[in-house]
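Protein sequence lines, in the order shown, are assigned to chains A and B.
For the first sequence, this note's numbering gives the first residue as 1, with consecutive numbering after it.
For the second sequence, this note's numbering gives the first residue as 1, with consecutive numbering after it.
Read the hints as simulated data drawn from the structure, not as lab findings.
Any given hint might turn out to be false.
To be verified - Output of the computed footprint for chain B on chain A, the stretches with three or more beta carbons under 8 Å from beta carbons of chain B:
no., stretch
1, 40-52
2, 98-105
3, 121-134
4, 137-147
5, 209-219
As the list claims (entries may be wrong) - Quick partial rundown of chain B residues pointing at chain A, CB under 7 Å, derived from the structure:
no., residue
6, Thr2
7, Lys5
8, Val6
9, Thr10
10, Lys12
11, Ile39
12, Ala51
13, Asn68
14, Arg69
15, Gly74
16, Cys98
17, Ser100
18, Arg137
19, Ser173
20, Val174
Virtual Cβ for every residue (Gly too), placed ideally from N, Cα, C.
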Amino acid sequence: MTIHKIKPSTRSNRVAKPLVSRDCGPAGCEVDWLTSGRVEVEDSIEAFTEASVELGWGDGLPLIPPTDARVRMFLSENDRYPDELIARMPDNSECTVEKIVINAVMAGAPPESLELIIAAIEAISEPDFELYGVNATTAPVFPGFIVNGPVRDALKIPYSYGCAGGVATRANAIGRAIRLIMRNVAGQVAGVTSQTTFGSPGRLASILMGEWEEKSPWAPLAERRAGVKGNAVTAFSTMGTMNVLDTTSTGAVAFLEMIGKSVSYAGANCYSPSMEYSEMTIGINPICAEIVAREVPNIEDVQEIIWKNAAASADWLQGLHRGQLESQGRVREDGKVYATPEPKDMVLFVCGGLGGLHALGLHSFGSSLSQTKAIAEAVPAAQAAE
Amino acid sequence: MTLIKVLDPTAKRMDDNASPGPDAGALAGKRIGFRLDQIWRCWDWISENWAAKFEAAGAEVSYWRSTNRSGEEGEEQARSLEAWLKTVDIVISGLANCGSCTGWTIRDAVAAANAGVPTVAVATKNFEAFAHELAARGGRSGLRVHVLPYPLNELSREEVEPVAEAYFEGLLSVMGASLTEKEIAA
Numbered sequence: 001m002t003i004h005k006i007k008p009s010t011r012s013n014r015v016a017k018p019l020v021s022r023d024c025g026p027a028g029c030e031v032d033w034l035t036s037g038r039v040e041v042e043d044s045i046e047a048f049t050e051a052s053v054e055l056g057w058g059d060g061l062p063l064i065p066p067t068d069a070r071v072r073m074f075l076s077e078n079d080r081y082p083d084e085l086i087a088r089m090p091d092n093s094e095c096t097v098e099k100i101v102i103n104a105v106m107a108g109a110p111p112e113s114l115e116l117i118i119a120a121i122e123a124i125s126e127p128d129f130e131l132y133g134v135n136a137t138t139a140p141v142f143p144g145f146i147v148n149g150p151v152r153d154a155l156k157i158p159y160s161y162g163c164a165g166g167v168a169t170r171a172n173a174i175g176r177a178i179r180l181i182m183r184n185v186a187g188q189v190a191g192v193t194s195q196t197t198f199g200s201p202g203r204l205a206s207i208l209m210g211e212w213e214e215k216s217p218w219a220p221l222a223e224r225r226a227g228v229k230g231n232a233v234t235a236f237s238t239m240g241t242m243n244v245l246d247t248t249s250t251g252a253v254a255f256l257e258m259i260g261k262s263v264s265y266a267g268a269n270c271y272s273p274s275m276e277y278s279e280m281t282i283g284i285n286p287i288c289a290e291i292v293a294r295e296v297p298n299i300e301d302v303q304e305i306i307w308k309n310a311a312a313s314a315d316w317l318q319g320l321h322r323g324q325l326e327s328q329g330r331v332r333e334d335g336k337v338y339a340t341p342e343p344k345d346m347v348l349f350v351c352g353g354l355g356g357l358h359a360l361g362l363h364s365f366g367s368s369l370s371q372t373k374a375i376a377e378a379v380p381a382a383q384a385a386e
Numbered sequence: 001m002t003l004i005k006v007l008d009p010t011a012k013r014m015d016d017n018a019s020p021g022p023d024a025g026a027l028a029g030k031r032i033g034f035r036l037d038q039i040w041r042c043w044d045w046i047s048e049n050w051a052a053k054f055e056a057a058g059a060e061v062s063y064w065r066s067t068n069r070s071g072e073e074g075e076e077q078a079r080s081l082e083a084w085l086k087t088v089d090i091v092i093s094g095l096a097n098c099g100s101c102t103g104w105t106i107r108d109a110v111a112a113a114n115a116g117v118p119t120v121a122v123a124t125k126n127f128e129a130f131a132h133e134l135a136a137r138g139g140r141s142g143l144r145v146h147v148l149p150y151p152l153n154e155l156s157r158e159e160v161e162p163v164a165e166a167y168f169e170g171l172l173s174v175m176g177a178s179l180t181e182k183e184i185a186a
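Could you build the full structure based on these sequences and the hints that come with them?
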């Protein structure tokens, strides 16, 4: 038996875009470009929120009514046509710019976030992300997102204190817009299209955070993973956040040993016998990153140290569990099962407050593979027409 | 109260094939394919039990096991499924016994049904409604689903064998198998 290594496929969810006349542009067109059905509701946020739950559109939190005027205003701030097809979702439904914008309006996301949302949707709809399984599973998984480039500051995407949740920023609305698209277009509704046993708070507004590139001793994540410089988003599947507290270590190797051992537990996704491989995403705080890089300057070496420690002795695992992993060839010559096939499958990035002490474990789901996409520059339609 | 019009944020596929697909018909001489997975040992045991009965009735049995669906291996899985479907006359696809495994069981069953192969998906009771929901969202609302009791994988092999025996006749009915006297005797 040989270890199954993670190799990205050449498949893509790129879709043909409709060929219609663009002469008038999205801002000044007299034609009704918006093709979604209209529903009559009372003109108040309270009434619309209540109606949205009854209609199966909402998440229970207050929503902004997506009127024609609001949707058109949002579109006019961008150079995108509403009928543009961005992705086909797992049930073959069409995720168009129009559907994205309607959900973004409902969530209260700013118009300048459209390109980020589009890149995020493109990322999760790639076949290697396995959104079909992510949606359906009993696991609490949801797509999380790490943003690189200047767009982090432009959109106030948090990458410092509280970056994984709780910071007061409209980035929460952007994350929520993506979650509403997951619900309304991609098909992740608990008890209907998702069998999630417990769910997760991350299914309300996702995790949308930046990498603190300025504090990172290493190249930005998107550049390391996909060769994308500047504005980019990396989508990863995650079961939620897992904290790793370390108040005792000194030196790079000790910090990395603590991280590796902590994210490695019997019930972690990486030890599931339902597939032969998975990735692991880990956020390293800036203080720890600086200490580590002094001794271990290369990120590949950092990945390897964590990887060597993120392993479990096969003897430690329950018998039937061990048996299934053995039959998959995952018990290596040293008697251990490693969390990921190779060190490169440890997806590392730098984020978090300057208090240090903690690392952020983000266990993946199944064999879902993280996907990185460049974020196009947002150009207002009127400006684009000039 | 003033009324306003809001735009519908949802999107769903609109097409559907409500047909269950062709009946399995007579079994003798047919090539019956079991779609297995990596998780559910109970499904391996039940498949073995049913396979023996099919072979006794004069059918040939083959297996296709679902593994990794991402990366190069996922690409290869898609190719191998397509190739395997060309080698079988009937598909029994399981096991829908969790969220994602119901998803892939149904997705592969829909692929088989769309290829014109008589197809039955097998689900445990808890995932029956979910299996039908996903089949409908996959454009095959009429997909045949045979239901086993739940929980199942938590049982020992000795406990699962009687389940396999008890639910075989129901499988034949759902798949639209027409048995000859010889097959019934077997």
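Against the structure, the hints come out as follows:
With a threshold of 8 Å between beta carbons, the proposed coverage of the stretch 40-52 of chain A by chain B holds, since 7 of its residues qualify and at least three are required. For a cut-off of 8 Å, the count of residues in the stretch 98-105 of chain A with a CB near a CB of chain B stands at 4, and the three-residue condition holds. Using a Cβ-Cβ cut-off of 8 Å, 7 residues of the stretch 121-134 of chain A lie near chain B, which meets the minimum of three, so the contact claim holds. Evaluation of the coverage hint for the stretch 137-147 of chain A: fulfilled, as 3 residues show C-beta separations to chain B shorter than 8 Å, against a requirement of three.
Remark: the stretch 209-219 of chain A is not confirmed as covered by chain B, as 0 of its residues place a Cβ nearer than 8 Å to a Cβ of that chain, below the required three. With a least beta-carbon distance of about 4 Å to chain A, the hint placing Thr2/B at the interface is held under the 7 Å criterion. The restraint placing Lys5/B at the interface with chain A holds, with a minimum CB-CB distance near 4 Å, inside the 7 Å limit. Proximity of Val6/B to chain A holds as hinted, the smallest CB-CB distance being about 5 Å (cut-off 7 Å).
Below 7 Å, beta-carbon pairs count as interface contacts, and Thr10/B has one with chain A at about 4 Å; its hint therefore holds. A cut of 7 Å between beta carbons decides the hint on Lys12/B: the least distance to chain A is about 5 Å, and the hint holds. Among the interface hints, the one on Ile39/B holds; its C-beta lies about 5 Å from the nearest C-beta in chain A, closer than the 7 Å criterion. A distance limit of 7 Å between C-beta atoms decides the matter here; for Ala51/B the minimum to chain A is near 20 Å, and the interface restraint is violated.
Residue-level restraint check for Asn68/B holds (minimum Cβ-Cβ distance to chain A is 5 Å; threshold 7 Å). The closest approach between the C-beta of Arg69/B and any C-beta of chain A is roughly 6 Å, which is under the 7 Å cut-off, so the hint is satisfied. A least Cβ separation of about 6 Å between Gly74/B and chain A falls short of the 7 Å threshold, and the interface hint therefore holds. The beta carbon of Cys98/B comes within 5 Å of a beta carbon in chain A, closer than 7 Å, and the hint placing it at the interface holds.
Given hint, Ser100/B at the interface with chain A, holds; its Cβ is 4 Å from that chain's nearest Cβ, closer than 7 Å. The restraint placing Arg137/B at the interface with chain A holds, with a minimum CB-CB distance near 4 Å, inside the 7 Å limit. Given the 7 Å rule on beta carbons, the hint for Ser173/B is violated: about 27 Å separates it from the nearest Cβ of chain A. Using the Cβ-Cβ criterion of 7 Å, the hint placing Val174/B at the interface with chain A is not satisfied: the shortest such distance is roughly 22 Å.
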